[in-house]
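Chain residues, written in single-letter form:
There are 4 protein chains.
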Amino acid sequence: MSSSDQGLTALATPPRCIADFCLVPIGTPTASVSQEVAQVQRLLKKSGLKYSMHSAGTTVEGSWDDVMRVIGQCHAMLHERGVVRIQSDIRVGTRTDKKQGFKDKVEAVEKLLKDNE
Amino acid sequence: MSSSDQGLTALATPPRCIADFCLVPIGTPTASVSQEVAQVQRLLKKSGLKYSMHSAGTTVEGSWDDVMRVIGQCHAMLHERGVVRIQSDIRVGTRTDKKQGFKDKVEAVEKLLKDNE
Amino acid sequence: MSSSDQGLTALATPPRCIADFCLVPIGTPTASVSQEVAQVQRLLKKSGLKYSMHSAGTTVEGSWDDVMRVIGQCHAMLHERGVVRIQSDIRVGTRTDKKQGFKDKVEAVEKLLKDNE
Amino acid sequence: MSSSDQGLTALATPPRCIADFCLVPIGTPTASVSQEVAQVQRLLKKSGLKYSMHSAGTTVEGSWDDVMRVIGQCHAMLHERGVVRIQSDIRVGTRTDKKQGFKDKVEAVEKLLKDNE
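Chains as they are written, first to last, in full-length UniProt numbering: chain F, 1 to 117; chain X, 1 to 117; chain H, 1 to 117; chain E, 1 to 117.
I should point out that these hints are in silico values taken from the structure, not numbers from a laboratory. Mixed in with the good hints there might be a few duds.
Repeated chains share a single entry, so a pair holds when one copy, or any two copies, can fit it.
Calculated cross-link-like contacts (lysine to any residue; reagent style SDA-like; alpha-carbon spacing at most 20 Å) [unchecked claim]:
| id | residue 1 | residue 2 |
| --- | --- | --- |
| 1 | Lys103 | Leu113 |
| 2 | Lys99 | Lys114 |
| 3 | Lys105 | Met53 |
| 4 | Lys114 | Asp104 |
| 5 | Lys46 | Pro29 |
| 6 | Lys46 | Ser63 |
| 7 | Lys45 | Arg16 |
| 8 | Lys105 | Ser52 |
Chain F with its partners taken away, still in its complex shape (with noise of 0.2 Å):
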């Protein structure tokens, strides 16, 4: 192996992201989620990362490994429940411009809606 492949291999995963995701259960008995997903709430409360939720989904933000272990151990837990098969769609965001929380993104947008009234 040359070093360059090593190099790729060794490759630290980016220390910010934003991910957003959305969780269903498949072959539970019922239509509802919101059991699924309030146990999910309880989950990232006690990770200690910085979450917030939507009808649409929950923003979690922090390094990329902590991020998607979250979201592994939300798949996990629901797995221990019973539930035998989720799907997830994750929407992850990097920069490497700027530290940008996902409060910061909302907030520019209403700075530009209100400048242009």
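Start from chain F and add chains X, H and E according to the hints.
Coordinates of chains X, H and E only, in the frame set by chain F:
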């Protein structure tokens, strides 16, 4: 064409849906997307549909056709303003068991979290 | 309403798009979704649109309205067959700089990979 | 912290998952993303994980941690090459009822389509 084929082709799209979309312009000079997101919010306001912006996208509810048309119009509007390529991620849900708006979904989870505190 | 407002509301959706969708039935008795995915493939075949199934979804190309209508019809068809709740994730792209089909995208990448071998 | 809290925090992520991701660079000079996608394919090849590219993304299978790390490394690699902002959409599925690779999913649907012809 058999009558069953005609049935499928003429099938009406769902009368209600909740969609959450995250639109990303590609090949723009800057890494900021807040200008584009603000323009999307203005177009949504004019559409008359119920919508709500959050840090990872915008949630809209209405008939399938109305919701998908307005998201398509967001693409068309940004193309008109010079963005040559746009990618959106849309999470869309439909259900026949009950009428549920996007605010009801959050309230259902919050109620569960409160009950179990 | 000003004439510019009317312009936005009447804005045509894009004449071409490539969409990739992954449909998930919720509250079905089993964790298998292959029956539903097969029914979706049959409906797509009848639509006359160009499409291609892969393990994580189905890619369709056509006008924005045609593509979104057929995905909505997939939801409607499965609701008719008794699925009470359906969630889809749709990745949709539009561009004005060139006409590119979904096969062209893969070929462009494969060419780059070959050139640099 | 109660022992049940500790249990949640230490929860292992799923041993297997199938993820499909679509990575989009933001703020790049051109609307083409094929260079970036080609670099992602090279990194995946070196990872040793099973993967498959299609026109709307790349499917990878492996343990949750391995799969998420390699996607994070794709972001990190493109940042190193000067892309300041990257957005990915990841569809990820886990199941405990059977071991299913991404090729098996397509075959299950194709079998159904054949049986009913």
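Problem set entry | Indices of hints not satisfied (ascending) | Result: hints 2 and 5 break, sorted rising.
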